[in-house]
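Peer 1: With chain A held as given, fit chain B onto it using these hints.
There are 2 protein chains.
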Amino acid sequence: MDAKYAFAQQIVKEAGAFLRQHLHDDLLIEEKTDFTDLVTHLDKQVQEELAQQIISRYPDDSIYGEESEQRSSLFQGKVWVIDPIDGTTNFIVQQTDFAVLLAYFEDGVGQFGIIYDVMQDKLYHGGGSFPVYENDHLLPSFVDKPFKAGLIGISAGLFAQENLGFRTIAEKSLGTRSYGSAGISFAHVLTGRLMAHFSNAFPWDYAAAAILGQSLGYSLIRPDGSQLAYEGRELVIFLPTVKIDEVKGVCESCNSL
Amino acid sequence: MDAKYAFAQQIVKEAGAFLRQHLHDDLLIEEKTDFTDLVTHLDKQVQEELAQQIISRYPDDSIYGEESEQRSSLFQGKVWVIDPIDGTTNFIVQQTDFAVLLAYFEDGVGQFGIIYDVMQDKLYHGGGSFPVYENDHLLPSFVDKPFKAGLIGISAGLFAQENLGFRTIAEKSLGTRSYGSAGISFAHVLTGRLMAHFSNAFPWDYAAAAILGQSLGYSLIRPDGSQLAYEGRELVIFLPTVKIDEVKGVCESCNSL
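Those sequence lines, one after another, are chains A and B.
Position 213 (the first sequence) corresponds to 196 in the working numbering; numbering is contiguous.
Position 39 (the second sequence) corresponds to 22 in the working numbering; numbering is contiguous.
The following block holds chain A by itself, in its conformation from the complex (with noise of 0.2 angstroms):
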């Protein structure tokens, strides 16, 4: 497993490498769903490469891609999530607080994620049996504090959804913070910026982050506590697994959702 995970950690930097040197290119940009979910011809052409660098390498697996026409399960064999450009919306408009994401499962166990935040050059790896690192500075587990002592990571939309619990939540907090990247918001969790991200959320967006956040004890769930489904969107909460109690007991309206 270690030279799969080195082998990881190096196409992902490669990954970001590549696209600080397309910054500013022209880019080819496709509306996915409606007018405010895009996708670049740089999402699909680094997609395709790492996708073909694991598959060159390790034959026997396969890939879980945002940007992938067919995905295998997650469940059997061995799957590697990936999310060529997590928060592709900032990559074109702001250039900046855009990641690219990698997690690697064995029959649905997680063995490592990857964040890497591309311009503030920052690896977010670990989980698994290997300890978590932020570059070469080893992460903290989860101190516990209340949450008015922290942040709270929501979109400005889920916040305003009176039917979801996340709004008491985030008014227990010092305030909320939106970065437009889910990667980069969980990664935030976990350097302590963000006391916990909310976030509505495919595979592809938490892989990384489920598997990073276990050793630190942080939990990646639905908002009634339950395990996700690893399939389609969900909306998902990355907190300190102490405070999964808390959280639940607001949200019990969620259950239903």
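Everything labelled a hint here was simulated from the structure, so no lab data went into it.
Hints may be right or wrong, so weigh each one.
When chains are identical, the list treats them as one kind, so a pair holds in a single copy or across two.
Cross-link-like lysine-lysine pairs, in silico, BS3-like; alpha carbons within 25 angstroms at most [claimed, not checked]:
#1 K128 to K155
#2 K15 to K(-13)
#3 K27 to K131
#4 K155 to K15
#5 K15 to K128
#6 K131 to K15
#7 K27 to K15
#8 K(-13) to K27
#9 K231 to K131
#10 K(-4) to K27
In this text the structure is predicted, and so the values were computed from the model without any measurement.
Peer 2: Using the frame of chain A, we list chain B on its own:
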């Protein structure tokens, strides 16, 4: 004016360097209006240091500071508007995304403004008769594009207030972002990372941005399009001047706020 402008840049950069050195100090934190409205001993110390340096060198000038007990009128004489740490909560929790803000007025006319993004080491400076720079990179004027090609800076709280027109504008855009520092968000408007920023702000939060934006085609206004009072807390929008009519139309309900 050149010497004053150079002096202003120097003391702001020194204040930023001081804050970087004291980033991990034990902070004395006090609540102002409620548990989310915080001030540290470093806000006060930086405010005093800046004020003392200004008055030593320019004894006839006066100070209008966030942490001042007495504030001069902004419309009479030579007035320095200081926010020693804009984004105090970020400073406390995140150790990033905070700014030192300075604006200089003569009889109510802005002569120059400075926003210093301390951790990114980016000094936005200029306005009045000075060109506007990010460090030594000249910033371009706004080039017209529709809201749907940009991002809107707004807090979740302001977005969720149905009686404001802000949500309507935000929903015409690619999405919203919230960084927890008005000064840094206004700077993001100047660089195009945000198309506009909506805030409930005090003069020390927005004075520098208002001066910086003028020659680049940006305006700092009330939601109904009228001029700011530069007194107390007000709902403000920093946006491309060519977009004022579009926002005014949506925000007619804001007139009576």
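Peer 1: Hint by hint, say whether it matches the structure.
Peer 2: Results for each hint:
1. When the C-alpha separation of K128 and K155 is checked against a cutoff of 25 angstroms, the pair qualifies only within one copy, where the shortest distance is 12 angstroms, while the shortest distance between copies is 38 angstroms.
2. Taking identical chains as interchangeable, the C-alpha atoms of K15 and K(-13) are never at most 25 angstroms apart, the minima being 33 angstroms within one chain and 52 angstroms between chains.
3. For a Cα distance limit of 25 angstroms, the shortest separation of K27 from K131 across copies, 23 angstroms, qualifies, whereas the shortest one inside one copy, 41 angstroms, does not.
4. For a Cα distance limit of 25 angstroms, the shortest separation of K155 from K15 across copies, 17 angstroms, qualifies, whereas the shortest one inside one copy, 35 angstroms, does not.
5. For the homomeric pair K15 and K128, the shortest alpha-carbon distance between copies (21 angstroms) is at most 25 angstroms, but the shortest distance inside one copy (40 angstroms) is not.
6. Taking the closest pair of Cα atoms, K131 and K15 come within 25 angstroms of each other only across two copies (15 angstroms); inside a single copy the shortest separation is 38 angstroms, beyond that limit.
7. In this assembly of identical chains, the alpha carbons of K27 and K15 lie at most 25 angstroms apart only when taken from the same copy (13 angstroms versus 49 angstroms across copies).
8. Proximity of K(-13) to K27 under the C-alpha cut-off of 25 angstroms is restricted to the intra-copy arrangement: shortest distance 23 angstroms within a copy versus 52 angstroms between copies.
9. In this assembly of identical chains, K231 and K131 lie within 25 angstroms of each other by CA distance solely inside one copy; the values are 17 angstroms within and 36 angstroms between copies.
10. Proximity of K(-4) to K27 under the C-alpha cut-off of 25 angstroms is restricted to the intra-copy arrangement: shortest distance 17 angstroms within a copy versus 42 angstroms between copies.
Hint violations for this structure: number 2 only, all remaining hints satisfied.
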